[in-house]
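Colleague: All letters in the sequence shown, in the order written, are residues 1 to 72 by the numbering used here.
Errors might be hidden in some of the hints.
[To be verified] Here are the in silico distance ranges between beta carbons for each label pair: (1) 51 with 23: 19 to 25 Å; (2) 17 with 57: 31 to 37 Å; (3) 15 with 35: 28 to 34 Å; (4) 6 with 54: 17 to 23 Å.
Source of the hints: derived by calculation from the structure; they are not laboratory data.
Predicted, not measured: the structure shown is a model, and the values here were computed from it.
Glycine included, C-beta positions come from ideal geometry on N, C-alpha and C.
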Amino acid sequence: MNLPHLMSLASHLASHGFFCLRFTCKGLNIVHRIKAYKSVLNYLKTSGDYKLAGVFLGEFVGESGAENASSP
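Build the full structure now, drawing on both the sequences and the hints.
Modeller: Below, the structure written as structure tokens:
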């Protein structure tokens with residue numbers, strides 16, 4: 001999602017030496033999302049191009065995601 005505040009945050013973090021990876025994981029299935037995040041992290045760990053000292057994951061939930069999350 002190319003929202004101005006997300007792009008600004010990623011730009012600020014990257015300019016201060018943080019590796020920022022932003023991607024969209026469509027679908028509300030939490031198991032699917034966890035698998036997608038895990039795949040990306042496993043790639044970064046095993047690629048040899050990146051040295052991860054720590055990981056911070058953030059997620060933006062829009063209105064439709066928030067509505068579905070609160071549904072029984």
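Colleague: Give a verdict on every hint.
Modeller: Now for the hints, and whether the structure bears them out:
A hinted range of 19 to 25 Å for the beta carbons of residue 51 and residue 23 is consistent with their spacing of about 20 Å. A hinted range of 31 to 37 Å for the beta carbons of residue 17 and residue 57 is inconsistent with their spacing of about 18 Å. Distance hint for residue 15 and residue 35: a CB-CB separation of about 31 Å, consistent with the stated range 28 to 34 Å. Range check, residue 6 to residue 54: Cβ separation about 20 Å, and the 17 to 23 Å hint holds.
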